[in-house]
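Let the sequences and hints guide you as you build the complete structure.
Chains V and X, in that order, are what the protein sequence lines are. Residue 1 is where the first sequence starts when you use the numbering used here, and the numbers rise one by one after that. Residue 378 is where the second sequence starts when you use the numbering used here, and the numbers rise one by one after that.
You may find that some hints are simply not true.
Unchecked claim - Quick list of the computed label-pair ranges, beta carbon to beta carbon:
| # | chain 1 | residue 1 | chain 2 | residue 2 | range |
| --- | --- | --- | --- | --- | --- |
| 1 | X | Pro564 | V | Arg99 | 46 to 52 Å |
| 2 | V | Thr258 | X | Val641 | 58 to 64 Å |
| 3 | V | Gln212 | X | Met397 | 36 to 42 Å |
| 4 | V | Arg169 | X | Gly390 | 44 to 50 Å |
| 5 | V | Arg169 | X | Met397 | 38 to 44 Å |
| 6 | V | Arg99 | X | Arg473 | 56 to 62 Å |
| 7 | X | Ala585 | V | Glu137 | 23 to 29 Å |
| 8 | X | Ala608 | V | Thr258 | 52 to 58 Å |
| 9 | V | Arg99 | X | Arg565 | 48 to 54 Å |
| 10 | X | Val443 | V | Arg99 | 45 to 51 Å |
| 11 | V | Arg99 | X | Glu666 | 47 to 53 Å |
Bear in mind the hints are in silico, worked out from the structure with no lab data behind them. Glycine is no exception: its CB is placed at the ideal position from the N, C-alpha and C atoms.
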Amino acid sequence: MSFVALKMLFGDRAKYLMLLAGLTFSTMLIVQQGSIFWGLMTWSMSGISNVNAPVWVTDPNINQVEEIKPLADTAVTRVRSVPGVEWAVPLYKGVQRARLRDGNFEQIALVGIDPSTLIGRPYTVLDGRIEELRAPETVAVDELTVERLGGPNKIHVGSTFEINDHRVRIVAIVQAQKSFQNIPFVYTTYERALRITPQERRKLSYVLVGPQPGISAEALAGRIQKETGLGAYSGDQFGWKTMQWVLKNTGIGVNFGTTVFLGFIVGMAIAGQTFYLFTVENLQQFGALKAIGASTGMLARMILLQSFTVGLIGYGIGIGLATLFGLTAGRGGVLPFKETWPLLLGVFVALMMICSLSSVISIRKLAKLEPAVVFRG
Amino acid sequence: MIFRRVSVWLAVGGFVLTLMTLWGANHKMVPPPPTEPPPTSPYASTVAAAGIIEAVNENVRIAPPVSGLVTTVFVIVGDRVSKGDPLFQLDDRDLRAELNTKTDALPSAAAKIAEQDIHLQDVQDQLRRLQAVKDRRAVSEDDVKRKWHEVEAAKRSLIRARADLQLARAQRDEVEANLKRLTVRAPRDGTILQVNLRAGEYAMVNAADPLLLLGDTDTLQVRADIDEVNAPQVVPGSPAIAYLKGYTDKAIPLTFDRIEPYIVPKRSLTGDNRERVDTRVLQVIYQFEKPSFPVYVGQQVDVYIESAGEPVMGGPPSGIGSPISGTSTQEPQGTP
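Shown next, in the form of structure tokens:
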């Protein structure tokens with residue numbers, strides 16, 4: 001019976017391709033838009049994911065990671081005094097101006113990490129040695145800085161530029177997740193960051209904290225918040241907080257949500273209509289099957305098999321096309337494109353829903369089908 | 378039959394491509410390990426502080442008694458000096474010239490005494506001769522009286538001449554004393570930690586930087602700054618441990634010395650001369666034995682002080698992190 005069902009499906013090439021195209025492009029649209037949405041969210045959380053500390057301590061009223069409300073220097077020792085804290089180190093973060101010898105300037109996000117432990121340093125060092133940050137007047141820059149400040153010919157390990165009229169020398173090129181604002185990251189040590197940034201009453205942006213073994217980051221964050229009155233979040237909590245802020249304060253959520261919903265609707269409309277037409281055209285065959293004794297349930301199973309088969313094939317081609325798009329258009333991180341398992345799973349579920357819903361209409365038609373239809377013209 | 382379809386192969390290809398891409402990109406990044414292990418507290422409950430190593434009895438900022446031109450600096454950084462050793466010399470040419478004048482005035486004053494002495498002997502002699510005349514008519518009473526007054530005046534002149542000599546000596550001594558003052562000497566034994574002074578410079582009495590910094594580097598101490606919020610958690614007498622910045626393997630056990638009773642504004646340690654006072658700190662002084670590795674006066678350390686284990690605000694945190702609260706309750710409470 002399954003053989004017959006598949007033969008019916010593939011036999012009508014034009015309808016099959018139309019059905020497949022509808023499902024494929026619907027899948028591709030949802031996956032592509034969803035991935036770009038998630039890519040944007042990843043960019044918005046890059047300030048957190050680049051540092052990847054278990055717990056972040058800052059002002060309790062902070063909304064998101066790029067919004068900096070500095071603390072007093074002693075916050076580090078206050079946090080170290082909280083039971084359950086394994087270590088705590090300071091972090092500076094702020095937007096400064098970098099200037100090149102030829103007068104070009106560019107905004108950069110300056111990150112000052114603890115010089116002895118280098119906690120919060122980027123994962124991947126592409127060139128040079130990040131340990132050399134301990135040498136005087138040195139920085140590590142990410143690929144975006146290299147691109148923005150004039151390319152690898154001008155900006156490489158050993159070349160110099162100015163931050164706030166302080167000359168700095170590059171000791172490493174690193175890889176960092178791009179930020180939402182698309183400002184390049186420049187890493188230096190905490191003390192040097194304090195020295196080359198303008199005077200402010202307080203400068204300690206964040207305290208990064210590691211929990212003792214056996215204590216979860218969330219529990220420790222809660223305890224730090226309770227005992228010091230400072231705001232403390234685990235990396236994940238802080239990421240969600242930042243993401244919520246972005247969703248609330250920009251139109252990104254609504255925009256992408258609408259597109260994904262439209263993709264769903266269009267996919268369902270095309271698939272439902274085509275499938276219905278397909279069923280109607282094959283009514284005689286179904287009628288014949290019913291006449292030779294096939295039950296409605298069996299016919300329903302055939303319909304479902306057909307719809308899920310074409311659904312699966314459409315899904316496979318769709319995600320393949322979306323991935324190809326991500327791999328080509330988003331190469332080098334120029335486009336915020338990030339596919340994730342939950343997104344693919346969600347799209348799969350949505351697609352199966354489209355298939356099931358469109359088969360339901362056909363099954364209703366078949367249920368009411370008289371076997372005698374086979375004898376009509 | 379189904380596997381003869383191009384679309385099926387396309388779908389399989391799409392699946393494989395996506396899975397491979399996701400597999401490559403989506404593994405959770407593990408943060409790179411710290412290049413040095415970060416400092417951690419060895420105690421169950423702790424008060425952390427930022428510390429600085431300093432010489433016991435604090436450091437002496439040597440100042441000149443008067444402002445003046447420096448002619449010689451006798452010491453270099455690192456010199457060990459004993460009490461009374463000369464440190465630097467201020468310009469003394471004018472005082473030396475004055476000393477010469479004053480010294481040269483002494484023989485004149487001494488000659489004046491001799492002169493007055495002779496004069497006295499002369500008038501005394503005359504008086505004696507007048508008095509020796511037996512005939513009252515030969516010498517008038519008035520002459521004798523006048524001579525007697527002359528003798529008395531000569532005696533007083535001699536006294537004054539002696540006093541003048543003394544004054545001249547005193548004036549010479551004063552100049553000598555002032556001269557000695559221009560050689561600045563060590564007020565106590567110690568090591569020269571800083572020299573911000575070179576021959577030819579003008580030494581001010583109220584210089585912002587110390588001209589010379591003298592300290593005792595044999596016995597050092599740690600001054601630990603504790604945020605005023607954490608001040609109530611500090612138990613006097615509790616042990617502590619200090620780590621050199623960036624070297625967690627270099628731990629220095631500390632013994633409690635005293636708590637400074639006055640909470641002072643925190644000094645910024647960034648080396649900026651415009652200090653950003655934003656908080657006040659309690660300072661606790663700890664002593665330590667000189668460790669096997671070198672430590673220097675002025676070096677920053679991370680200090681962990683054992684505390685009684687009671688949080689400042691609210692009760693002990695409930696539910697979370699039970700291993701910690703468990704150990705802190707089992708632990709014998711330290712001295713109050």
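Verification of the supplied hints:
1. Pro564(X) <-> Arg99(V): 46 to 52 Å: The hinted range 46 to 52 Å holds for Pro564(X) and Arg99(V), with Cβ atoms some 51 Å apart.
2. Thr258(V) <-> Val641(X): 58 to 64 Å: Hint holds: Cβ distance 60 Å, inside 58 to 64 Å.
3. Gln212(V) <-> Met397(X): 36 to 42 Å: This hint holds: roughly 39 Å between Cβ atoms.
4. Arg169(V) <-> Gly390(X): 44 to 50 Å: With a Cβ separation near 48 Å, Arg169(V) and Gly390(X) satisfy 44 to 50 Å, so the hint holds.
5. Arg169(V) <-> Met397(X): 38 to 44 Å: About 40 Å separates the Cβ atoms of Arg169(V) and Met397(X), which means 38 to 44 Å holds.
6. Arg99(V) <-> Arg473(X): 56 to 62 Å: About 58 Å separates the Cβ atoms of Arg99(V) and Arg473(X), which means 56 to 62 Å holds.
7. Ala585(X) <-> Glu137(V): 23 to 29 Å: About 26 Å separates the Cβ atoms of Ala585(X) and Glu137(V), which means 23 to 29 Å holds.
8. Ala608(X) <-> Thr258(V): 52 to 58 Å: holds, 56 Å
9. Arg99(V) <-> Arg565(X): 48 to 54 Å: holds, 52 Å
10. Val443(X) <-> Arg99(V): 45 to 51 Å: holds, 49 Å
11. Arg99(V) <-> Glu666(X): 47 to 53 Å: Once the Cβ atoms are compared, 51 Å apart, the range 47 to 53 Å for Glu666(X) and Arg99(V) holds.
The structure is consistent with each of the numbered hints, conforming to all of them.
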